[in-house]
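Chemist: What follows is each chain in one-letter form.
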Amino acid sequence: MADEPVLRVEGLTKHFPVTEGLLWMKVVGAVKAVDGISFSVQQGETLAIVGESGCGKTTTAKLILRLEEPTSGQVFVDGKNVHALAGHELSEYRTTVQAVFQDPWSSLPPRMRVQDIVAEPLVINRSVPAAVIKERVAAMLSRVGLRPQQAALYPHEFSGGQRQRIAVASALVSDPKLIILDEPVSALDVSIRAQIMNLLVDLQREYGVSYLLIAHHLATTRYMAHEVAVMYLGKLVERARTKTLFENPLHPYTKALFSAALPAHPDIVRQEIILPGEVPSPINPPSGCRFHPRCSYAMPQCAEVVPEEKTLAGGHTVACHLY
Amino acid sequence: MARQIGDVILEVEDLHTYCFTRWGVVKAVDGVSFSVREGETLGIVGESGCGKTMTALSLLRLQPRPVARIVHGVIRLQGENLLEKTEREMRRVRGRRISMILQDPQTSLNPVFTIGNQLIEAIKTHHADGRSSLLRRAVERLRQVRVAAAERRVRDYPHQMSGGMKQRVVGAIAISCEPRVIIADEPTTALDVTIQAQYLRLLRELQEQTNLAIIFITHDFGVVAKMCDRVAVMYAGRIIEQGPVRDIFNHPAHPYTQALLHSVPSMDEDIQRLYSIEGQPPALWDLPPGCRFAARCPHAEEQCRESYPPEFSLNDGHTAHCWKLSPEWQTSPSFALKA
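Top to bottom, those sequences are chains P and R. When you line the first sequence up against the working numbering, it's residues 1 to 323, in that order. When you line the second sequence up against the working numbering, it's residues 1 to 339, in that order.
Check before you lean on any hint, since a few could be wrong.
[To be verified] Heads up, simulated SDA-like pairs for lysine to any residue below, C-alpha to C-alpha not over 25 Å straight-line:
#1 Lys243(P) x Glu178(R)
#2 Lys243(P) x Lys85(R)
#3 Lys62(P) x Arg273(R)
#4 Lys243(P) x Asp270(R)
#5 Lys255(P) x Ser276(R)
#6 Lys243(P) x His262(R)
#7 Lys243(P) x Gly163(R)
Honestly, the hints are just simulated from the structure, not real lab data.
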């Protein structure tokens, strides 16, 4: 299985039931948070999922982390079905996949010392001798740019950027194959963001780890990702290599999203495509293509037929009736 | 109607707002000067803790009292010094002549009143009028900020609206008394990309209709590039560089501005490596005597650590505080910053 990707997601779906009444609860509908998405992440690469709030990108991350059970579909990490794992294989999986979250103020336990926070994945999932743990933690801390002596401190003694470094050290200490980065820099200051992004890029080159980057900031995505997938209302609408996607977006939603992004220089003037209205509710998503009510290219069939994902030249896939 | 950059409407001179805490004096705003003209958009950019929000609050004398006090300076609005006004007079300035849009619409709207009530409350302070005509004005304001079905929406509570819609309502309240200056403190940080674009366009339209002056407080150079005519960059309580937006982007003079611009990724080009500024800003209660950026600056020399650089003029209102702009340094060969 030389070509087995680190992460493979097939037809992943998560519907949250919507209930009514307090005593005699009955299910009256479903929030279709994630609705049949497929993608894969190769070893040593970064796949970014971009989309606006409520598009299902965080639910996707939770499904991969086994924090939610899928309604249907499968997640394979290293060829193994994540949601069918048990016992030893499950704890093995928990060391293989790690996560770094957005807010380093709430993601680190305030009453644990840095030493214990970073060592946690090793202590819980692997029987590693205490002396080795100490050594690994010290090595990891200096790799992420902290001093090994700082292991005795508590999270509140660090700044935001340093806390995110602690989170990265903790994610990397068990030698994972995949790290889910859920908005890893959006809570940080501009000058600190560059530090953390550079650190993550360097660590990937050094350790060959794969990243699944959940982000809404497009420029961050362009800098960090090898491949980008665009999500809208629980569906993947487009996926391509980063350069291809940014230079030639095909799906009308991707085009609108890109045109709305802020420029890096006052001389960059984009032709703005202002989308009418707001993202519809995922409880009753529009029929056919979910983007059709806001799409300026919508045709009669868009309201009726769900567009299939088509693969074009260069592995560029798009789900739209225009192609 | 196109917007016309007119006379200076708000002028701030040497403003100092200090916070007096148990642990010492925090110099949040430490000698800030700038001005805005009618119809102009000024961006104040900086990272958290640089004093940009405290500057914004000070303009309306809304700094958190009693901890924070404006200890020195002049804030001149259409020629009148706001710092000499009584609290009663200030109430007639807030909302009517200068108003404010805050970052988080979730917290700036009151959850237990309908948005119509909250709009009317703002309008009422400045227009003594009957209930029905106030309501009419409220609906009109909502329409102005492009809220669909405004007649129905006035009866909604904030929780019935989306984030973008709520921020529009906050905008409607801000413009309800036809102010001449709007201070927008990170108004789009909490919004999604496409909603942010809608909102920025709306602000631009309102500015074109009424020739408002807008002061944008932000950490995002993208917002500056899109919206602002002029920029002031703040670091550790002071403006270290200011000037026309294109001058700042094309020829940033201060090493901090240069580093900041090089540390931002772009979605329009491939960047091999981002410049990263190591270290952190100094604590505002324990500031160094010299340039506040010296500890992180790749070009810092003895002089930088010893005394604070004066303002050097580059051209056309582009100024910066950095010793490397002094005539003596200009002639030395080693000053160009490599990103």
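Chemist: Next step is simple, just say for each hint if it's right about the structure.
Modeler: Each hint, compared with the structure:
no.	hint	in the structure
1	Lys243(P) x Glu178(R)	violated (46 Å)
2	Lys243(P) x Lys85(R)	violated (57 Å)
3	Lys62(P) x Arg273(R)	violated (31 Å)
4	Lys243(P) x Asp270(R)	holds (8 Å)
5	Lys255(P) x Ser276(R)	violated (30 Å)
6	Lys243(P) x His262(R)	holds (20 Å)
7	Lys243(P) x Gly163(R)	violated (32 Å)
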